[in-house]
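Asks: Residue strings, one per chain:
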Amino acid sequence: MNPPILILTGYGLNCEAESAHAWRLAGAEPRLAHLNDVVETPALLREAAGLMVIGGFSFGDHLGSGLVYANRVRTQLRDEVQAFLDRGRIVLGVCNGFQILAKLGLLPGLDGDYFTPTVSLQQNDCGHFQNFWVRLRFEPDSPCIFTKGLTQMDLPIRHGEGRVFTASRAVLSRIERKKLAPCRYIDPATGKATQKFPHNPNGSVKAIAGLCDPTGRVFGLMPHPEAYLFPENHPHWDVQKVRGELPEHGAGLSFFTNAVEYLRGA
Amino acid sequence: MAIRIEVGLKDGVPDPRGAGVARQAHAYLHVPVTACATRDVFLVDAPLADAEARTVAAAIADPVTQDTAMNRLPAPASFAWLVEIGFKPGVTDNVGRTTRTVVQDVLGRALGEYEDVYTATQYFLSGALDREQADRIARELLANPLIQTVRVYAPGEWALAPVNTEPPAMHDASEPQVRTFDLEVDDNALMKISRDGILSLTLEEMHAIRDYYRRDDVRAARAKAGLPAQPTDLELECIAQTWSEHCKHKIFAARVQYTDETGATRVIDSLFKTFIKATTEEVAKRIDWLVSVFSDNAGVVKFNERWHVLFKVETHNSPSALDPYGGAITGIVGVNRDAMGTGVGGEMLCNTWGYCFGSPFYDGELPRGLMHPRRIRDGVHHGVIDGGNQSGIPWARGWERFDDRFLGKPLVFCGTVGKLPVTVGGGPSERKEVVPGDFIVQAGGRVGKDGIHGATFSSEELRQESPAQAVQIGDPITQRKMYEFLIEARDLGLFRALTDNGAGGLSSSIGEMCRLSGGAEVDLTDAPLKYEGLQPWEIFLSEAQERMTLAVPPAQWDAFAALAKRRDVEVAKVGTFTDTGVLRVWHRDRLCGALGLDFLHDGCPKLEIPAVWAPPRVPAPRALRAGDRSRWLVKLLGALNVCSKEEKSRIYDGEVKGLSVVKPFVGVRSDMPSDATVMRVEYGSREGIVIAEGVNPFLSDLDTYAMAASVVDEGVRRIVSVGGRWDRIAGLDNFCWPDPVLSEKTPDGPYKMAQLVRANQALYDVCTAYGVPLVSGKDSMKNDSVRGGRKISIPPTLLFSTLGKIDDVRQAVTMPFKREGDAIFVLGLTKDELGGSEYHRLRAKAAGQPHRVGGAPPSLDIEGAKSLYHALNEAQVRGLLRSCHTPTLGGLAVAFSLSALGGELGARIELERVPEQGADLDALLFAESNSRFVVTCAPERVAELEAVFRGLPCARVGTVEAAPELHVTFFGRPVVELPLEKMRKAFKQGL
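Quick note, the sequences are listed as chains A and B, same order.
Going by our numbering, the first sequence opens with residue 1, and the numbers climb by one from there.
Going by our numbering, the second sequence opens with residue 1001, and the numbers climb by one from there.
Wrong hints could be hidden among the right ones.
What the hints assert, rightly or not - Under the rule of at most 25 Å between Cα atoms (straight-line distance), these lysine-lysine pairs were calculated in the PhoX-like manner: (1) B:K1982 x A:K206; (2) B:K1648 x A:K196; (3) B:K1530 x A:K196; (4) B:K1273 x B:K1635; (5) B:K1273 x A:K196; (6) A:K196 x B:K1573; (7) A:K196 x B:K1285; (8) B:K1573 x B:K1530.
Because the hints were derived from the structure by calculation, they are not lab data.
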């Protein structure tokens, strides 16, 4: 059976089409549901094997990205989300979805506390939104189930508030100790994590591009894997084609196939 | 009194917003700001218990990074000035609206109808600033005093000032009333009515209205209905907006007497019918892929068996001059609604934008009341960025042109490409029908005084006293909610037809839609209002944003309204469509007006406009001696109109939806502008659309015929350049002109009108020959500003947007050179056509004689171009091209440079090999002749390529090289010798 994935929509989230396509390509059964429908019918969440919170501009990023959407989830769905996590289901947040998960407290979700925020996504160093491609390096020993086996990948970033900021040094060191930062921005020339613009597009601490919880089943990142499903999405596909290096799929698909593989094995 | 909550960053948390202010204050205003710290202020205008207020305060802040306080946070340790900026009453406050949602979420109850939240921002400035400097930062950088309030405090003043808890709520307790206008007065008094009411009606039009009310049948009907004999305010306002230039296109519909340079005269009865409509009608005889043209909000063409695609481009010039941010965001979300309102509801694929500004580095005198072009540019970009990004629509194309004649009025073009399923609910999706008895329903935002008189106002030149209420601020999130709801409702079959509320608001949308049924009974009583105190005519005319008007069959109403509620979208019944031939409008059981549809739509008298063409005499710059042109090429690459626009473009989201194929920027460093943009339309197919444009206002200084022919060719050849099918291109014409109607204030009207005629003639000639139908278009005809006694008119500008098709996106070809050793070819003829070129303008400016831009403008060999495009398509499908780039501004020299920079590869070019006709060295390098390409080909396929182009102007001119240098020789003598890094630097540092 193809694992059912619930994709939350509404209030300015806007990557539903490509995200649904990604899950379908990976062999899952995506279902789009407006947040209000999930509040009204929590069975939608209970029946899902995975939850995806997609990118977009929920509530216009007013009051800070993700804050207002997170607030509604917390006030209206907190128990359902907790139960969902308790059942061992998986959660993926991309861009605005990552911001929402962080502002809920789901990420990094230290000590099993999913509703006390300890990390925030702050305005980019450059002071505004940016859209270009970056290169990521993945941590081989992270518990994250979405990034298993990945080494490096090019993906687009499209955000104004992507700078990971922790409430304290202690939080940051626990994230590092537990390997909860599965991907970082790197300088393609050196292959090393970098604080320098544009390779690190937002000035994120320790070049962190995404975070997972200690179980590895909840994961959020700023770059957009669902925007690299076709080989022709890559900004240099024309050169890759001339060199005969055009891949069959966009590399972003791997996150979704990893997740489906995990769910099938679970 | 409201509850005041302040939110600020915790100690040690960086404040990029404040840092940006400090940086810009330094760079733009040259004032010594050393630091800036920002805070947000919320005024909750609702009775909350103390505990509730604290809950709200906690919910609106990020606990990881922010502190909150009721009333005031402690002042920062040191600052020189505090600037606090809020909105004036009635101005859209999007953050306030979102905060209202949070309040309701955390309190678990709904707020009262007019209980709102208002926001303000605080800037704590440090540095040795005096009050005047702080005030300048407030007014020239942070706030637009037209729509915002500014308060400036010294630290001592702030400490002593009472805490401001006064919300900028609209308070207007006036009772609804219906006034009448007495039109039985002399001509001066009639014109006073038109002027005072910003109706923009001419004397002839006032006479026509007066005569209508004199008619016996009208008098009798009015008496019977209990209406006064004279027009009511609602009626006169409704007529004025329906007849506005903005809505009625009176100049394009006028009878024109055109005299050419020989003195021969012809009468043209409607430019629109004679040239634009006729083009499409002629082309339609030869093609089978037109679906809906002219009749709907956007032009629709076939894409494949599942989807149609649609395209619409609008301008939002006047509002953007008054408030660049608000005007521009309203422009983009407004054209999105055109796409939404096409057929039974279009889905959006991508946005396009294009702007004409004065130079951002302008340092001359600015007429009083005009904003600096740098500020306009920043604000316009910011507005379209927010509108597009927050709506989840990627940008596909963007361009900017600069000329100081755009100081008075910037041009802001916003476009949207969308798609429609071929069938919806078993019927064709392009259908538009309304049945008598259908409910008239308004969906989306609420009605306020914002945007009243937008249509009539944009039909006037910009004056110092232009009305502030013409400024609106779009709310993309409200619109996004409505959009998702409408597509859901469409697929469930819950409504029959829809259209957007743009200029003229309900009066226009209902006025248009009710033509389909034959009448309407409108009842404004239940229209949702932002605040009390609106008069019935204001409700009817308001251009408040994010609203669509729908025809909902009564049987579907309950389901429609229930779905709307679940999607948090406000909908309201505002009447019923009828077939009585009359538009009647009620408010609280009072009849406020009734208008015969025939008179409303067809009663406007036709304009008669003289047009006299006299070719202008424009001298050319003095010729340069033959020699090295490296210096000029570097200058050209850095010229405002040529140089990279990437920095601003990167702030737009270009990849949401994940359908992009050829992006707006390409190349090894992704920093070279692509000739055209290619994207998929659906996830499961390799077919794609191709989007491009042509625009060149500079050629209008010589001849608008050459200008229009050239921009059509540019729009077409850009599509072909990336691999778009040459036989599947649809065009959109957007005219932006200075007022061309002869009058006291426009003595040169006949020349400007002749320019318009010639542009239209060219559009017709080229499009019919190319087989490019005009599927949509718009005109903006009053782009003049009169301020401080100085009139500034824009150069006549035609934006020609193109929408094409590619059968397999993997065959798309991009402009960067790809491989060392590839052969470089030039296709198409280069002629002695430097008139109006970037090179001549640069040379003229350098010589201190900026008017000397003359010379022959680019011509167009239509049949030659067609053969070339046909052959190019064949070469692309056969995979012969490694790169393809069409030269535009700056000619071949700039084209070689950009292809080299894109590939980070050098090139060696022998210029004398370029196919040419009478071109000297400068023309070969810099002429902007039409219908040319620079292509590269793998060495082993050169013979194949040459075979495809046999009999056409095609020559191998050089080779791609690994060394990062551009070498161009002319009969063995070097004329350009430049390292790539120097060219890249010039190209990327122009703006």
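Asks: Each hint should be assessed against the structure and marked as holding or not.
Replies: Verification of the supplied hints:
1. Under the criterion of a C-alpha separation no larger than 25 Å, the hint pairing K1982 (chain B) with K206 (chain A) is inconsistent with the structure, at around 34 Å.
2. Between the alpha carbons of K1648 (chain B) and K196 (chain A) the distance comes to roughly 20 Å, so the proposed pair stays at or under 25 Å and holds.
3. Between K1530 (chain B) and K196 (chain A) the CA atoms are separated by roughly 47 Å; this puts the pair beyond 25 Å, and the hint is violated.
4. For the proposed pair K1273 (chain B) and K1635 (chain B), the alpha carbon gap of about 44 Å is over 25 Å, so the pair is violated.
5. For the proposed pair K1273 (chain B) and K196 (chain A), the alpha carbon gap of about 58 Å is over 25 Å, so the pair is violated.
6. At most 25 Å may separate the alpha-carbon atoms for a hinted pair to count; K196 (chain A) and K1573 (chain B) exceed this at roughly 55 Å.
7. As the CA atoms of K196 (chain A) and K1285 (chain B) are separated by approximately 58 Å, the hinted pair breaks the 25 Å bound.
8. For the given pair, K1573 (chain B) sits about 16 Å from K1530 (chain B) by alpha-carbon distance, which is consistent with the 25 Å threshold.
This entry does not satisfy hints 1, 3, 4, 5, 6, 7, going by the numbered hints stated previously.
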